[in-house]
Amino acid sequence: MKLITAIIKPFKLDEVREALSGIGVQGVTVTEVKGFGRQKGHTELYRGAEYVVDFLPKVKLEAAVVDELVDQAVEAIENMARTGKIGDGKIFVFDLEQVVRIRTGETGATAI
Amino acid sequence: MVTLIHKLCLSAALLMLPALSHAQTAAEAVVDKGDVAWMMTATLLVLFMAMPGLGLFYGGMVRARNMLSVLMQVSIVFCLIALLWVVYGYSVAFTESTPYFGSLSKLFLSGVTIDSLADTFTDGVKLPEFVFVAFQCTFAGLTCALIVGSLAERVRFAALLVFAVIWFTFSYLPIAHMVWGPGGMLAEDGALDFAGGTVVHINAGVAGLVGAWMLGKRIGYGRDNLAPHSLPLTLVGAAILWVGWFGFNAGSNLEATSGAALAAVNTLFATAAATVSWTFGEWFFKGKPSMLGAASGAIAGLVAITPACGSVGVMGGIVIGLVAGLVCLWGVNGLKRMLGADDSLDVFGVHGVGGIVGAILTGVFSAPGLGGTGGADYAIGGQLWIQVFSVLVTIVWSAVVAFIAFKVADLLVGLRVSEDEEREGLDITTHGETAYHR
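First to last, the sequence lines map onto chains A and B.
Numbering follows the working numbering, in which position 107 of the first sequence is assigned residue number 108; successive positions increment by one, without gaps.
Numbering follows the working numbering, in which position 306 of the second sequence is assigned residue number 340; successive positions increment by one, without gaps.
Wrong hints could be hidden among the right ones.
Unchecked claim - Computed, partial: chain A to chain B, Cβ under 10 Å:
1) Gly38
2) Lys41
3) Glu45
4) Tyr47
5) Gly49
6) Tyr52
7) Val53
8) Val67
9) Leu97
Note that these hints are calculated values from the structure, not bench results.
Beta carbons are placed, not taken as given, at the ideal position from N, Cα and C, and that holds for glycine.
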C-alpha cells in the first residue's frame, strides 16, 4: 500500500479528482496549503508598506492506494494537473504501513 | 401658517435692524423645529462615524488578531470622553472665561435644562442647549478616538484611557474653546474652521504622531507581513465615515439653511475629488490604483474640506480635494518615511496633513473672487496668516500636551504591551476574545 501526496494548483483539483475516481481511487483528503518552489510570489502594497508574498496557495491531495493502482494514479494526477507552466507542483509516494477503516475495523488493503 | 409668517417677519426684522438685536430678550428667541430635527440627525450621523464607522475603517487595516482591540479602543475612548464631556468638557469648551479655557460654570451641566437655549450663527435663532451639548460631545469623542489609529496593535489599553482623559482635558478642550468658544483666542482672530480642521484633525493627527514615536515601532515593522486583514471592512468604514461626515460638516452650520447646504455639497464634491486624485496619483506613481488608496483618498478629502466646507465654493472645494488627495498620498509615503515613526494607520499622514492642507487652503478659497463666502473686504494674505497661525498653535499645543499625557500614562501603567502579548495579539491577551475562529 502506498500513500500518494500531491501538491497541485488549486484550480486543477476537480480534474484530478475525477481522473482518480475514473481509475478506481475512491477516497481522497484535500488540504489548502501555501508553498513555493521556482514560481515567484507577488508584491502587495498597502499605502506605503510593501510586502513581498512568497507563498502561493496550493492544494495538497492525499490518497491511500493499493500497490497495483499506484502507477496509474501517479500518471492520472500528473496528466490532469499539468499546465506546462512553473508552479504545477509535485507528487510524493510514501510507503504505507497500516490502514484501518474505523467503522468496521478492517485493516490492510481491504480498508483502502 | 400664521406662526410661520410671524417667525419670518420676526427674523427679517431682526436681521435688518442690527441695533435691535442688542435689546433682544429671550422671549424673542426663535427655535425652529427644522433646525432641531436636523441637528439631532447630525448628532446621530457623527455618532455613527465613531461607532462603527471609524472602528471598521481602522479595524479592517490591522491584523485579525487585533481587530477587537481596535473596536474596543475606539468605542471605549468615545464613551469615556462622552461622560467627561457632560461633567466638565462642555463647560470648559463653551463658556466664557479666558481666551484659552472656559469656566466651570456648567460643571455637570449645571443650569442646563430642557428650556435652555444655545446660540446659532444667526442672531435670534436658537437651539435647545441639550442638542448643542450632544452634537459637540460627538466631536470630542471622535477626535480622541482618532488617535487610536497611530497606536494600534501595541498600545496598552489602560495607557490609552489614561492618555485620552489627560489629552482631552488639556488639548481638545482648550483648542475647541480657542476656535469655537466664546472669547476664544483664535475665534477672536478670525480663524476660519467651520467643522474642526484644527480642533479635530490636526489636533488628533499630531497627538497620534507623538504617540507613535513614543510607543516605538511594531514588532516586525518593515520585515514581517503586517498587511490589513479585511479591506472590505475598511471600505465599509470609510463609506460610513463619508455619510456621517455630512452630519459633521453640515451640522456645524447649526441650522438647516443654505449654509448647511453649502457645507453638504462641499462634503460631497471635495471628497470625490480627493478620491480620484489619490487613486490616479497612486496609479501613476506606484503602478496600481488600490482600494485602500481610494478609501484613504476619500478620508483625506473629507478631512481637508472640514475647515473649509462652510466658506468655500464648490470649485474651490474640489481644488482642495484634489490637492489633499495628492499631498496626503505623499503624507503616507515619502513624508512618513522621513518622519520615521510607525504611525500604524496613518492618522498624521491623513488627518494631520489633510487638516493642515485644508486649514491653509480655507484661507485662499474663502475669498469671494474664488467663489467663497468671504466679504468684499476679504484679504487672502491676511486670512492666510491667521490660518497658518491657528495651525501652528494647534500643532505645538497638541504635541506638547500629547507628550506629557503619554509620559504620564507610561509612568502609571506602561505605554506598550509586552512582546509576547504583541505577538499573540491584543484581542486575546487584553480582551480575552477572538474576532474570527478559523
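Hint by hint, here is what the structure shows:
The beta carbon of A/Gly38 comes no nearer than 20 Å to any beta carbon in chain B, farther than 10 Å, and the hint placing it at the interface is violated. The beta carbon of A/Lys41 is not positioned within 10 Å of any beta carbon in chain B (closest approach about 16 Å), and the interface hint is therefore violated. Hint status for A/Glu45 relative to chain B: holds, with the closest Cβ pair at about 6 Å, below 10 Å. This hint holds: A/Tyr47 has a C-beta 6 Å from the nearest C-beta of chain B, less than the 10 Å allowed.
A hinted interface residue such as A/Gly49 counts as satisfied when its beta carbon comes closer than 10 Å to some beta carbon of chain B; here the least separation is about 4 Å, so the hint holds. Because the smallest distance between the Cβ of A/Tyr52 and any Cβ of chain B comes to about 5 Å, under 10 Å, the interface hint for this residue holds. Interface hint status for A/Val53: upheld, as the beta-carbon distance to the closest one in chain B is roughly 9 Å, under 10 Å. For A/Val67, the suggested interface contact is broken, since its CB lies about 35 Å from the closest CB of chain B, more than 10 Å.
The interface hint given for A/Leu97 is violated, since its Cβ lies 30 Å from the closest Cβ of chain B, which is over the 10 Å cut-off.
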